[in-house]
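Required output: the full structure, derived from the provided sequences and hints.
Numbering (the numbering used here), first residue to last: -9 to 169.
Treat the hints with caution; some may be incorrect.
[To be verified] Now the in silico label distances, taken between C-beta atoms and shown as ranges:
no., residue 1, residue 2, range
1, V42, A19, 18 to 28 Å
2, D102, A26, 43 to 53 Å
3, A87, A150, 27 to 37 Å
4, P1, G146, 46 to 56 Å
5, V42, V141, 16 to 26 Å
6, A25, P119, 44 to 54 Å
7, P81, S48, 16 to 26 Å
8, S32, N113, 40 to 50 Å
Don't read these hints as lab results, they were simulated from the structure.
Owing to the predicted nature of the structure, the values given are computational and were not obtained by experimental measurement.
Ideal placement from N, C-alpha and C gives every residue a C-beta, glycine not left out.
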Amino acid sequence: LLAKEGEAAIPALLDAIGDWVDPDAVPRANGAEDAAYASATSPSLAANAPLVRPAEISAVRALGGNAYAAVAPFLTALPALAPLNVNTAAPEVLTAALPDLRGDALAGLLADRARAPYSSVANFRSRLPMGVAFADEAGFGVTSNHFIVTVTSRQGDAIAQARSGHHSPARLAVGHRRQ
-9 LLAKEGEAAI PALLDAIGDW VDPDAVPRAN GAEDAAYASA TSPSLAANAP LVRPAEISAV
51 RALGGNAYAA VAPFLTALPA LAPLNVNTAA PEVLTAALPD LRGDALAGLL ADRARAPYSS
111 VANFRSRLPM GVAFADEAGF GVTSNHFIVT VTSRQGDAIA QARSGHHSPA RLAVGHRRQ
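The structure is reproduced here in structure tokens:
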């Protein structure tokens, strides 16, 4: 997802994000800790903690408005590591996770997923188009236990919207993504 910022920018972005969330005060090669944030035009401190809301990442040094705008629709902040659900992941996220999955291969995979959601990671692997490298299954899954619920209410010209993150201790199979 960050590749749109240019290959040279990626190490700086990843180091800056890593320093933002890690608990130490030692800056990475291309990162920034409290001293760098304190000397900025609008002084602040690094969070030194996991993200609670996706919008927090916009405060990370090196992740300017364009970079943040490019990745914001695909970000979430979870309280724990969670596998990427291949049944619900956006096309852009699938392509970021599997760089060989582009163009017609991606379109075919999405059409296949719409017809029949993946029952397991092995099932996903078996249905990948030829030539798509898939070396490490550890970060992938076909179920979710974190959900964002959005409620929109309209009365006349007034619109109210609320979003909330929810966690279900049981992993739930989710077969499609509604928009």
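Cross-check of the supplied hints:
Checked against the hint of 18 to 28 Å, the pair V42 and A19 passes, with Cβ atoms roughly 27 Å apart. Roughly 46 Å separates the CB atoms of D102 and A26, a value that falls within the hinted 43 to 53 Å. For A87 paired with A150, a C-beta distance near 35 Å keeps the hint of 27 to 37 Å intact. For P1 and G146, the Cβ-Cβ distance of about 51 Å falls inside the hinted range of 46 to 56 Å, so the restraint holds.
At roughly 21 Å, the beta carbons of V42 and V141 sit within the given window of 16 to 26 Å. Range check, A25 to P119: Cβ separation about 48 Å, and the 44 to 54 Å hint holds. Separation of P81 from S48 is about 23 Å and conforms to the stated range, judged on CB atoms against 16 to 26 Å. A hinted range of 40 to 50 Å for the beta carbons of S32 and N113 is consistent with their spacing of about 49 Å.
Going down the numbered hints, you'll see the structure goes against none, and every one checks out.
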